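Based on these hints, arrange chain D on the given structure of chain X.
Number of protein chains: 2
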Amino acid sequence: AGDAAAGKAKAAVCAACHGVDGIAVIPGYPNLKGQNEQYLVNALKAYKNKERTGGMAMVMQPQASMLNDTDIANVAAYFAQMK
Amino acid sequence: AGDAAAGKAKAAVCAACHGVDGIAVIPGYPNLKGQNEQYLVNALKAYKNKERTGGMAMVMQPQASMLNDTDIANVAAYFAQMK
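Protein sequences, first through last, are from chains X and D.
Sequential numbering from 39 applies to the first sequence in my numbering.
Sequential numbering from 39 applies to the second sequence in my numbering.
It should be emphasised that the hints constitute simulated quantities derived from the structure, not laboratory data.
Computed from a predicted structure; not experimentally measured.
Some clues are possibly wrong.
Identical copies carry no separate label here, and so any pair may be met within one copy or between two of them.
Taking lysine-lysine pairs in the DSSO-like style, the calculated list, with each CA pair at most 30 Å apart, reads [what the hints assert, rightly or not]:
#1 46 x 71
#2 88 x 71
#3 88 x 46
#4 71 x 83
Pulled out of the complex, with its shape left as it was, chain X reads as follows (with noise of 0.2 Å):
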């Protein structure tokens, strides 16, 4: 499991769209509060490598790839014990 403190401090851009409280202030966008961990980790880890396409994947490539897997780790962590 991912460092939610660490990943807090790298999910500051996640905000934007995701909320500061992981729920998502744009239509179209998923809510990450609560979501599952290794389920946040799959779908970034998607991104990066470019399996994931269609809808807003073209936003979420370029994020993802500006991640490593520790990053993602923690990343996910801290959406995951958002409550």
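For chain D alone, coordinates are given in the frame of chain X:
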């Protein structure tokens, strides 16, 4: 917006992995309860169009392929309205 009641009837199969209450029962699967409705529509269409690969897309592509646009709207409405 879709018809949540009609979506419930189509969503029985979803519960096997995503839970009868929309909370995933398998690690690596996303919770769907209360998720953004338009996001759910986008996600199902991206699977159906095979734009979304990676993660568990090998499971979700065939599931989404069995849904028409009305089904997708209804299933999305069903999970989005879950409290």
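Margin query: Within, between, both or neither: how does the pair residue 71, residue 83 come out at a Cα-Cα threshold of 30 Å?
Written below: Intra 19 Å, inter 23 Å, cutoff 30 Å: intra and inter.
Next item on the list: Pop the pair residue 88 and residue 71 into one bin, within, between, both or neither, using alpha-carbon distances up to 30 Å.
Entry: both (24 Å within a copy, 27 Å between copies)
Notebook entry, point to check: Taking 30 Å as the upper bound on the Cα-Cα distance, should residue 88 and residue 46 be classified as within, between, both, or neither?
Noted result: within (24 Å within a copy, 32 Å between copies)
Notebook entry, point to check: Between residue 46 and residue 71, at a C-alpha cutoff of 30 Å, which is it: within one copy, between copies, both, or neither?
Noted result: both (13 Å within a copy, 23 Å between copies)
Hint compliance for this structure: every hint is met.
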